[in-house]
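Dock chain B against the given chain A, drawing on the hints supplied.
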Amino acid sequence: MLGPIIQNILNALQWGSFYSLIALGYCLVYGVLLLINFAHGDIFMVGAYIAFFVATFFLAAVGLPGWAVIVLCVPLTMALTALVGVTLERVAYRPLRRKGAHRLYVVITALMCGLILENGNLALLGASRRLFPTLVETHVYNIGGVAVTNLKIAVILVAILAFVFLETVVSRTKMGMAMRAISYDKFAIPLMGIAPDKVVVFTFVLGSSFAGLAGLMFAMSYPVLDPYMGALIGWKAFIAAVVGGIGSVRGAFAGGFLLGFVEIMVVAFFPSTYRDLIAFTILLVILTYKPTGLFGVARFQKI
Amino acid sequence: MKKILFALLASVLVFSSVAHAESIKIGFNIPLTGDIPDVGESSKNAAEMLLKQINDAGGIDVGGTKYTLEFVYEDNESKAESALSAARKLVTQDDVLGIIGPQSSKQAVPAGEAANDLETPMISPWSTNPDTTKDRPFVFRGCFLDPFQGPVVVNFASDEFGATKAAVLYDIASDYPKGLAEVFKEAWEKKHGAGSVVAFETFTTKDVDFSAQLTNIVNSDAEILFVPQYYNEVPLIVKQAQSLGWDKPIIGGDAWAGGDLMSLCGDDCKGYFFSTHYAAAGAQGATKEFIEDYKAIYDKTPDDVAALTWDSTNLMLEAIQATGGLTGDIDEDRIKVKDALGTIKDFKGITGNMTFTPEGDPIKCAVVVKINDAGEFSFYKQVCP
Chain A
1 MLGPIIQNIL NALQWGSFYS LIALGYCLVY GVLLLINFAH GDIFMVGAYI
51 AFFVATFFLA AVGLPGWAVI VLCVPLTMAL TALVGVTLER VAYRPLRRKG
101 AHRLYVVITA LMCGLILENG NLALLGASRR LFPTLVETHV YNIGGVAVTN
151 LKIAVILVAI LAFVFLETVV SRTKMGMAMR AISYDKFAIP LMGIAPDKVV
201 VFTFVLGSSF AGLAGLMFAM SYPVLDPYMG ALIGWKAFIA AVVGGIGSVR
251 GAFAGGFLLG FVEIMVVAFF PSTYRDLIAF TILLVILTYK PTGLFGVARF
301 QKI
Chain B
1 MKKILFALLA SVLVFSSVAH AESIKIGFNI PLTGDIPDVG ESSKNAAEML
51 LKQINDAGGI DVGGTKYTLE FVYEDNESKA ESALSAARKL VTQDDVLGII
101 GPQSSKQAVP AGEAANDLET PMISPWSTNP DTTKDRPFVF RGCFLDPFQG
151 PVVVNFASDE FGATKAAVLY DIASDYPKGL AEVFKEAWEK KHGAGSVVAF
201 ETFTTKDVDF SAQLTNIVNS DAEILFVPQY YNEVPLIVKQ AQSLGWDKPI
251 IGGDAWAGGD LMSLCGDDCK GYFFSTHYAA AGAQGATKEF IEDYKAIYDK
301 TPDDVAALTW DSTNLMLEAI QATGGLTGDI DEDRIKVKDA LGTIKDFKGI
351 TGNMTFTPEG DPIKCAVVVK INDAGEFSFY KQVCP
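Protein chains in written order, with full-length UniProt numbering: chain A, 1 to 303; chain B, 1 to 385.
Simulated from the structure, these hints should not be mistaken for laboratory data.
These figures come from a predicted structure and were not determined experimentally.
Just so you know, even glycine gets a beta-carbon here, dropped at the ideal spot from N, CA and C.
Hints are supplied without guarantee of correctness; some may be wrong.
Have a look at the derived ranges for each label pair, beta carbon to beta carbon [claimed, not checked]:
| hint | chain 1 | residue 1 | chain 2 | residue 2 | range |
| --- | --- | --- | --- | --- | --- |
| 1 | A | I5 | B | K178 | 28 to 36 Å |
| 2 | B | T33 | A | H102 | 36 to 44 Å |
| 3 | A | N150 | B | H192 | 33 to 41 Å |
| 4 | A | A61 | B | G375 | 16 to 24 Å |
| 5 | A | T288 | B | T33 | 46 to 54 Å |
| 6 | A | W67 | B | H192 | 45 to 53 Å |
| 7 | B | D339 | A | F269 | 54 to 62 Å |
| 8 | B | D247 | A | G120 | 40 to 48 Å |
| 9 | B | D329 | A | W235 | 57 to 65 Å |
| 10 | B | K270 | A | K186 | 53 to 61 Å |
| 11 | A | L34 | B | T33 | 20 to 28 Å |
| 12 | B | K295 | A | G144 | 48 to 56 Å |
| 13 | B | P130 | A | P75 | 49 to 57 Å |
Here are some chain A residues the structure puts well away from chain B; computed CB gaps all over 12 Å [stated by the list, open to error]:
| hint | residue |
| --- | --- |
| 14 | L96 |
| 15 | K186 |
| 16 | T288 |
Far from chain A, by Cβ distances over 10 Å, these chain B residues were calculated [said to hold, decoys possible]:
| hint | residue |
| --- | --- |
| 17 | Q53 |
| 18 | N55 |
| 19 | K134 |
| 20 | P147 |
| 21 | T215 |
| 22 | G245 |
| 23 | K300 |
| 24 | D329 |
| 25 | K345 |
| 26 | C365 |
| 27 | E376 |
Chain A extracted, bound-state conformation (with noise of 0.2 Å):
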């Protein structure tokens, strides 16, 4: 019986490292411009998409072996995954900022801005689905009746990383500490000498690098492919994003695990179709009686 618990487990660190990525990056753009970039889950699937481009094209064309091949996924996928979040930026966000416009406004950017992300992938790239390449052989170890694979134990590691990599940034550095400021007032920041569209745009190439680095380690895990991989996804990272206290680090990071906590283990002892229902009303409760989430506090300072 402890068997498959803590099988289950270690399937649930999995998901939940995925939602926990994903809600990391609405989590730092929702704490330094209060908006809630609607658009992220499309740049995971835009992440994916490269990862799968670059990975191909060092596979087959330069014939690269697998482990060098994964050295330079990496940071080409995030850095080119922090192009797109960029320009997006850039294009859609700041001119109606400049503009003065009511975040209202804003948020339905973000929204057609994933739209326009999911149906530019179809129509440029087709429908049919992609398998993406094995760039490491799985190992399959099993443990008293616990099948671990190296990815599995990749992909949570990698996750726990990047949490402690950016409340370092958040919490430790002088841009953390610009982008605090900015969530608190940003009508000071610019007399202290602080160039707010600096501090923005190093938001979005954060959390896109790392809706890019989910995606990459996505298409590990799961390699088959398609444009509306990343709408759904997206979503229920933004509900975990909320009930982990959006704006927070450490809940985000809480909130995808606890998001895929609950999904994996209603699956494993109920019907599959009871999942999300069980999932997110628990969710719901818990917002209920703590309405800024679990890490979140009633203050306009938040991240």
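Positioned in the frame of chain A, the structure of chain B alone reads:
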């Protein structure tokens, strides 16, 4: 450009006025765009090949008169409503004698309704849902039904692996997997006793993580896993099952073949079995000939959709010939063709011999295919009703 168009138009007019009485029109209601364009392309390829073969040989002989063939392709965008309007257009505007298609049940069920109302014979080559032909005397099909396929898989798994306990993982929100999974469960428990399907796990369309379901399956004492899913979901399930330590056989249904399974699944699917309509690798006789001709023209192995379209179109032509002569009155001729279709016995198709039941469903054998080490779908066993 205009001149060419004009010339084309003129030639169409001339030909239609001169050769109209000497030609027979067959309509194709197929998905040339939409979700499954590969299916439409396969259908059209097979049809074009047949058209050329027959017209080059001077057409077909019906009751002493030679007729050339004319095929009309109508795109149903793989949508139910477009399939319905395509069927109506083929019957009322194009005046076709019979319709081949649509391929998937989602389009074949509504299009069959229209064909039956308009009293035009229709053969769906690929639709396995019982509703397509039910209570519709004008509608036929070229393949077996899911209630037949389920027991085939059950018997195969029991005999081949000596399995008595089975697990099933299927999409509860999609009609084909759900129907086939239920048929399988019923047949398995009838054979091995109640409770012998030890895990009956579900997911919802577009899910990608099946680890919780597969953990339950791995930890049950199931000896085989049945996955009646489409080709794009199979790779994810197979890979995750293997990474959770599943090393027993996985068996699939005919949807494994309808698309590009091997380019998505790669080495992970090798060695597994599924039931289907025909096997390209290791085929003999007329089937082999068809595959070679098809490969020579289109440079790829024909899938089951192409083979079934070929058979269905030939069936339609045989029925037309069996009428013993056309009257020229299209409504009357359609009824004659329908009557002839119902009486065809032992038609020798490349996907097997066919005799229709009164419902319009063929009694035919299923093939169990093994994915061999070269990644080909090789013939393993034939199971007949």
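Taking the hints in turn, this is what the structure says about them:
no., hint, result
1, A:I5 with B:K178: 28 to 36 Å, "holds, 29 Å"
2, B:T33 with A:H102: 36 to 44 Å, "holds, 41 Å"
3, A:N150 with B:H192: 33 to 41 Å, "holds, 38 Å"
4, A:A61 with B:G375: 16 to 24 Å, "holds, 23 Å"
5, A:T288 with B:T33: 46 to 54 Å, "holds, 47 Å"
6, A:W67 with B:H192: 45 to 53 Å, "holds, 47 Å"
7, B:D339 with A:F269: 54 to 62 Å, "holds, 57 Å"
8, B:D247 with A:G120: 40 to 48 Å, "holds, 42 Å"
9, B:D329 with A:W235: 57 to 65 Å, "holds, 59 Å"
10, B:K270 with A:K186: 53 to 61 Å, "holds, 58 Å"
11, A:L34 with B:T33: 20 to 28 Å, "violated, 43 Å"
12, B:K295 with A:G144: 48 to 56 Å, "holds, 51 Å"
13, B:P130 with A:P75: 49 to 57 Å, "holds, 55 Å"
14, L96, "holds, 32 Å"
15, K186, "holds, 39 Å"
16, T288, "holds, 26 Å"
17, Q53, "holds, 30 Å"
18, N55, "holds, 33 Å"
19, K134, "holds, 28 Å"
20, P147, "holds, 24 Å"
21, T215, "violated, 5 Å"
22, G245, "violated, 4 Å"
23, K300, "holds, 15 Å"
24, D329, "holds, 44 Å"
25, K345, "holds, 41 Å"
26, C365, "holds, 31 Å"
27, E376, "holds, 18 Å"
When held up to the earlier numbered hints, the structure conflicts with 11, 21, 22 and fits the remainder.
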